[in-house]
Amino acid sequence: MSDTKYLFKRDQIWWVKVAVPRPLRDSLGCDLRRSLQTRDLKTAQTARQAVVEEFRSKIRQAREQRAAATACSTSVDPPPGTGYEVVTRKDFSDVTFLLEVSAPMLARAAQPGQFVIVISHQRGERVPLTIADFDRVAGTITLVIQAVGKSTREMQQRCQAGSRLYSVAGPMGFPSHLDTKKVVCVGGGLGVAPIFPQLRAFKQSGAYVIGVVGFRNRQLIFWEDRFRQYCDELIICTDDGSVGIKGRVTLGVEAALEKHPDVDRVVAIGPPIMMKACAETTRPYKVETIVSMNPIVVDGTGMCGGCRVIVGDETKFACVDGPEFDGHKVDFDDLMNRLGRFKQQESQAMDAWKTAAGAK
Amino acid sequence: MGKKTIRSIPQERTSIPTQDPAVRVGNFDEVTLGYREVDALNESERCLVCPNPECVPACPVNIDIPGFITRIAAKDFRGAYDILTDSTLLPAICGRVCPQEDQCEGVCPVGDKLKPVAIGRLERWVGDTAIHEHWDNTPYIEPNGLRVGIIGSGPAGMACAADMAKAGCDVTIYEALHKAGGVLRYGITEFRLPNGVLDAELENLTRLGVRIECNMLAGRLFTVEQMLDELGFDAVFIGTGAGYPSFMGIGGESLNGVLSANELLTRCNLMGATEFPKYDTPLGLGKRVAVIGSGNTAMDALRVSLRAGAEQVYCIYRRTREESPAREEEIEHAEEEGIQFEWLTLPVEILDDGENNVRAMRCVRMELGEPDDSGRRRPIPIEGSDFEFAIDTVVYAIGTNANPIIGQTSKIELNKWGYIQTDEHFATSMAGVYAGGDIVTGAATVILAMGTGREAARSMKAYLGIRDSETVYQAPQTGSDSKLFGIGLEERTFTRVRLG
Ligand SMILES: Cc1cc2nc3c(=O)[nH]c(=O)nc-3n(C[C@H](O)[C@H](O)[C@H](O)COP(=O)(O)OP(=O)(O)OC[C@H]3O[C@@H](n4cnc5c(N)ncnc54)[C@H](O)[C@@H]3O)c2cc1C
Ligand code: FES
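Each protein sequence line maps, in turn, to chains A and B.
In this text, residue positions in the first sequence follow our numbering: the first is 140, and each later residue adds one.
In this text, residue positions in the second sequence follow our numbering: the first is 26, and each later residue adds one.
Careful, some of the hints might be misleading.
Stated by the list, open to error - Calculated pairs, DSS-like style, for lysine-lysine (alpha carbon to alpha carbon, straight line, at most 25 Å): (1) A/Lys156 <-> A/Lys144; (2) A/Lys455 <-> B/Lys441; (3) A/Lys455 <-> B/Lys436; (4) A/Lys181 <-> B/Lys100; (5) A/Lys156 <-> A/Lys181; (6) B/Lys303 <-> A/Lys482; (7) A/Lys493 <-> B/Lys303.
Stated by the list, open to error - Which bits of chain B does chain A cover? Going by a derived footprint, with three or more residues having C-beta under 8 Å, they are: (8) 241–252; (9) 272–284.
Keep in mind that the hints were calculated from the coordinates and are not lab data.
All values reported here derive from a predicted model rather than from experimental measurement.
In this text, a Cβ means the ideal position worked out from N, Cα and C, and glycines have one as well.
Modelling step: build the complete structure from the supplied sequences, incorporating the hints.
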């Protein structure tokens, strides 16, 4: 067989052809070709090398240009036609906002107590967010987000109705158990929204539901009507006493337990310090207390162990073994300590982001 | 051409250029640069083309090794690629990451006197050439209307998907992460397996018509039962891997600065943490890193740590280099790069600095005693040999367990360790559901995962009533010189026929 690599014949004349890698075809076409202006194969074979080299260096150049272009391109939006659309955006305060995201399969599968992992753009990190609500008919899930770190602040800025999130995966974790007769559902801080679907599910399963929700002040209250709709009793606590009980949600929990000695479960979602306080409040009453752990996660599929928490004397992975655990057994100090693991990097990211935003 | 003998072949194994250790610790570029054409031709001359090759059965997917090497020697590179792709979906990947010294190269008779034929390097060279030249062996596919769902996009899932797609099925892969490839993507590092190579091999799948859907957490988003009943799949393959990392249960494991190798690697490989803060995911690696364990995962973690800015990186292993499960080449590369190995050392406690960060690790020295069940000599602590070891990051690479989600959400039978129970044809306890890869075998290798994926595809085809081209065309007429449509009958299958 004669060696005709890179060669082909057209009208008796030998040509050189080198295929262009797929990603470069927009700029260079499918292949690079040139006539060697000879009918003789031997001559063509000798002339070939130089042309092939030239074409290769052309391809190399194009590849480098392309790499440079992608490196400094600032757009990190999901590629067209992909991603998850934000259909509604609502702001509850200057740090708390709600996103309703179109994700029909997720909406169909979601159960109270589960969470999703969101990546807002192509260079983003994987952020775990509890599913605050879902609409199986409309095919949407609701996320309520507190803009505290760089990623969530950036989401607050980027995610308007019509924008798209790069990735939303889930639902992760075990759904909540709903086998209870009388339950106290406690939500504080960023836990107010996620407690809602559970509270509703408890009500729908026939339990007597007492809601306890905490806010800083009257202005920051949201979803009161929704809670009232599904609560047999609703206790609102505010830090400044502008509505309901003045003080922390634990006061509300205590009041509920005093009034109803037959409460068989307390479910608390919120910052670790609040869940810890709730667990301590209920301990003397010996009421089963369920808390939802929110450690740092990476994959959410049980593959990294970044989300490990200490429950009793066992180490559990919150993303696949939880996220709900027995609040009387959880080591909250360990959780709080591990949540501070990237404190320094978080402020570094925030600074870098602010500088970049300032530069724009 | 006279018959080749051990004396007549090139005596030296053709060396492969690598990046200078001093340079490569500062970048994530590939360490082993690969053969050039002349190198491949030279090395291919070293194969004796044994009449009863031992390397073929030693390969988990039985690649016709002398066959492809002969084609290289004959400069029929495309032919070599065709032979490879008869057995393996991922030559450019397997050529890079297979433990050849325990498989094909381990039994190569050339190795009795000289260094064995560099089968892996040749395989890689052919795979790379194919990517560079855009060869693809997409056969003509006649759709059969059957739908196959695959859970997990690692090598097991990819292999099963490819075989089922070639058989005419409509195949969808569901992957929980936002990028496909499994361990090949999030685990094995860029400098060993560049993402571009993986992308190219994944593109071959797409060309077969396989759809890959990321961000899909099977089990929770839909159960395996629902895939069969509601989503309309005729058969399902589970290849979710074994990523659940183990810890030792010693004191101090929840201190900040203690993490699993999978977490470290996922942050770097999948999330771009080495380019933090340009990428949002932080890494938070210290200056003095200790990696516990000495498998491939440990080697990757060690070498990534070095590249991510650690100054001193230690490998802590309770046995010796001989018992180390990592590939020889990986250990050599790690040594060249300045990783410090503490053999015969067992950590007993991780110590804090008073602010919940790692300050040091307390270890004991070990000695080897009598062989244990695995045939390796059992390490025994030497009394009074405790010492403290100043470090600020501890990475666990001591093994992984089954990914639990499918087990949690379906009635498929598991074994007592949580792996999916299958028969020898990789059928699970549920009709129409097959499983393969690490979730069945426990953490193993890329090629084994691929092999099990293909084997599962074979039984899946039998279950679906699809006749396999290999069984149909494996012609008894071999040896006859007849040609069918211009195709020699010695070509074992028709998948190799290129149209157009
Ligand atoms: C760091 C490291 C280095 C290694 N080095 C080598 C090497 O050099 N050579 C070698 O031969 N082997 C090596 N291995 C082993 C090899 O990578 C594995 O044996 C192989 O990848 C297993 O393939 P798999 O398809 O079974 O699973 P995986 O590759 O683990 O893929 C499983 C996929 O399934 C996805 N998944 C899990 N659960 C779900 C779910 N519920 N729904 C949807 N998707 C899900 C996961 O996200 C993942 O993408 C290494 C492993 C590691 C971790
Ligand atoms: S987030 Fe990785 S194991 Fe839970």
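Next item on the list: Take a quick look at whether A/Lys181 and B/Lys100 sit within 25 Å of each other, Cα to Cα.
Entry: Cα-Cα ~18 Å, so holds.
Notebook entry, point to check: Between B/Lys303 and A/Lys482, is the straight-line Cα distance small enough, at 25 Å or below?
Noted result: 17 Å, holds
Checklist line | Given pair status - B/Lys303, A/Lys493, alpha carbons within 25 Å | finding: 13 Å, holds
Notebook entry, point to check: Is the hinted pair A/Lys156 and A/Lys144 satisfied, with a Cα-Cα distance of at most 25 Å?
Noted result: 9 Å, holds
Next item on the list: Closer than 8 Å, Cβ to Cβ, for at least three residues: run that test on the stretch 241–252 of chain B against chain A and report holds or violated.
Entry: That given contact holds, which follows from 5 residues of the stretch 241–252 of chain B lying within Cβ reach (below 8 Å) of chain A.
Next item on the list: Test coverage of the stretch 272–284 of chain B by chain A using CB-CB distances below 8 Å; three residues minimum.
Entry: Satisfied; 6 residues make the cut.
Margin query: Against the 25 Å threshold, does the CA-CA distance of A/Lys156 and A/Lys181 hold or violate the hint?
Written below: 17 Å, holds
Notebook entry, point to check: Is A/Lys455 close enough to B/Lys436, meaning Cα to Cα at most 25 Å?
Noted result: Answer holds: A/Lys455 to B/Lys436 is near 23 Å, not above 25 Å.
Check: Is A/Lys455 within 25 Å of B/Lys441, Cα to Cα?
Finding: Between A/Lys455 and B/Lys441 the Cα gap is close to 19 Å, so the pair holds against 25 Å.
The structure agrees with every numbered hint stated previously.
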